[in-house]
Every structure is written in C-alpha cells, then in structure tokens.
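**Q** Residue strings, one per chain:
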Amino acid sequence: AQSVTQLGSHVSVSEGALVLLRCNYSSSVPPYLFWYVQYPNQGLQLLLKYTTGATLVKGINGFEAEFKKSETSFHLTKPSAHMSDAAEYFCAVSPNYGGSQGNLIFGKGTKLSVKP
Amino acid sequence: IAGITQAPTSQILAAGRRMTLRCTQDMRHNAMYWYRQDLGLGLRLIHYSNTAGTTGKGEVPDGYSVSRANTDDFPLTLASAVPSQTSVYFCASSEGSRSLYANTGELFFGEGSRLTVL
Chain S
7 AQSVTQLGSH VSVSEGALVL LRCNYSSSVP PYLFWYVQYP NQGLQLLLKY TTGATLVKGI
67 NGFEAEFKKS ETSFHLTKPS AHMSDAAEYF CAVSPNYGGS QGNLIFGKGT KLSVKP
Chain Z
15 IAGITQAPTS QILAAGRRMT LRCTQDMRHN AMYWYRQDLG LGLRLIHYSN TAGTTGKGEV
75 PDGYSVSRAN TDDFPLTLAS AVPSQTSVYF CASSEGSRSL YANTGELFFG EGSRLTVL
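Those sequence lines, one after another, are chains S and Z.
If you read the first sequence in the numbering used here, its first letter stands for residue 7, the second for the next number, and so on.
If you read the second sequence in the numbering used here, its first letter stands for residue 15, the second for the next number, and so on.
Pulled out of the complex, with its shape left as it was, chain S reads as follows:
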C-alpha cells in the first residue's frame, strides 16, 4: 500500500533561516506529489505539485520542492523563513495505477513555527 511519511511533527526555525520539511513516500511507480499548507482555522491550499518533467518545482510564497526518485523523497524548502510561513504543511501523493490516478494519500503533517 502507498504511504507518505513526514519526518518531524513539529519544526521550529528562526525568521530568516532555511526551512526544510521532509517527506518520503513508498511507491514502486512514481506518483504525483503535492505539498499543501493549512493556516489556522482554514482548509488546505495547494503550495506546489510535481507531476512530470522538471524535478525541481516552485510554488507559492517562495517554497520549492525537489522530486528525488532514487530517494523516494519530495522535501519542501524555503531559503528564508518569514513569520507568515507559520502553518501546518502536508505532503500528499496520488498513486499512479498504470495511467489511472488514485485518491490522494496525506502525510500526518508538520507544524512549522517561526521565531522572531
């Protein structure tokens, strides 16, 4: 069965520091990969996604993620954290069933805190 693992349920960084949120997936066939962000008391919104093509994908608010097939990883990064980045981040995969797409499977989430 497909699964998504996010390392660290809570990550704390200082404002201006590098943000690194880790995500690994289990799949024998490269799936579609997503990062969603959830601000307090809101629904999730798409941050970025990888489907095909370039393995480094850029999203909103300066975030980017790199798909590494050999490592089955899709880590999220941002060079310089801002206070407004404080939120919960979810990695998700959409399994590839031989050309047909499965339902999204979410990781358990990583809550990012940004210290002034």
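Take the hints with a grain of salt, since some may be wrong.
Claimed, not checked - Computed list of lysine-lysine pairs in DSSO-like fashion (alpha-carbon distance at most 27 Å, straight line):
1) Lys-114(S) / Lys-75(S)
2) Lys-64(S) / Lys-114(S)
3) Lys-74(S) / Lys-64(S)
4) Lys-71(Z) / Lys-55(S)
5) Lys-75(S) / Lys-64(S)
6) Lys-114(S) / Lys-71(Z)
Unchecked claim - Incomplete in silico selection of chain S near chain Z, CB under 7 Å:
7) Gly-49
8) Asn-109
9) Phe-112
10) Gly-115
No wet-lab data here; the hints were simulated from the structure.
Glycine is no exception: its CB is placed at the ideal position from the N, C-alpha and C atoms.
Take the given structure of chain S and dock chain Z to it, following the hints.
**A** Only chain Z this time, still in chain S's reference frame:
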C-alpha cells in the same frame, strides 16, 4: 468566488443523534471528497465520489454515509453519532478525470466543519 462551502462551521452534538454535514461546490468539478482531520493523524479519507451518481469508500468509512444526487452537492451523514467521530471534517473537490494526462490531481478544500460529539 465561493469554491467549496461547508455548513455548519461548528456543531456540538449529543451521542446517538443523526447529523448531516453539507458541502456545495460551484466549480463544476466531477470529483468530491470528505476527509476528517485529527491531531497527529493528518487527513483521512472517509468517502469520495468520482462523478454524480457514484460514491466510494475511503480509508475510514464506518459510521458515515454520503450521497451524490447532483454535481454540486455532497452531504455527509452520521446516522448515530459517537464520541470518536469528534473531529474537523473537510470537504474537497477536484476536476476528477482519472487520467494522469488530463488531471493535475489538485484538491480544493472547504473551510471545515468542527464537530464535537458528547
């Protein structure tokens, strides 16, 4: 732009009562989903619908039912609520084509319905 509208936003319910969470979308998306979000467990899929008239079970369907009479509405019903169904419920939609070459897979979420069962 409304997107996904959920109601109610918050509800306290006695155990054993019946409850329906409403979800309406105005994007003409084919697929709709219900997730529950619990601390430390992330989002878990309850039920989904690939198109009007069809529904399917997700990861945690027990105690819940759904219907999809038309494209826009996807209500979630708890026939007899239990305390373990205390959670935040999110409705979502997507364009819905299952082809990898036609569907980006992006989900659009509502603001959530916070349900407490006592």
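**Q** Indicate, hint by hint, whether the structure satisfies it.
**A** Evaluation of the provided hints:
Among the hinted pairs, Lys-114(S) with Lys-75(S) is consistent with the structure: their alpha-carbon atoms are about 21 Å apart, no more than 27 Å. Our distance criterion of 27 Å between C-alpha atoms is met by Lys-64(S) and Lys-114(S), whose separation comes to about 22 Å. Taken as a hint, the Lys-74(S) and Lys-64(S) pair is honoured in the structure, with Cα atoms around 15 Å apart against an allowance of 27 Å. For the hint pairing Lys-71(Z) with Lys-55(S), the CA-to-CA distance comes to about 25 Å; that is within 27 Å, so the pair holds.
Using a Cα cut-off of 27 Å, the hinted pair Lys-75(S) and Lys-64(S) holds, with the two alpha carbons roughly 17 Å apart. Simply put, Lys-114(S) and Lys-71(Z) have alpha-carbon atoms about 20 Å apart, close enough for the 27 Å limit, and the pair holds. The closest approach between the C-beta of Gly-49(S) and any C-beta of chain Z is roughly 3 Å, which is under the 7 Å cut-off, so the hint is satisfied. For Asn-109(S), the shortest C-beta to C-beta distance to chain Z is roughly 6 Å, which falls under 7 Å, so the interface hint holds.
The beta carbon of Phe-112(S) is positioned within 7 Å of a beta carbon in chain Z (closest approach about 4 Å), and the interface hint is therefore held. At its closest, the beta carbon of Gly-115(S) sits 5 Å from a beta carbon of chain Z; the interface hint therefore holds under the 7 Å criterion.
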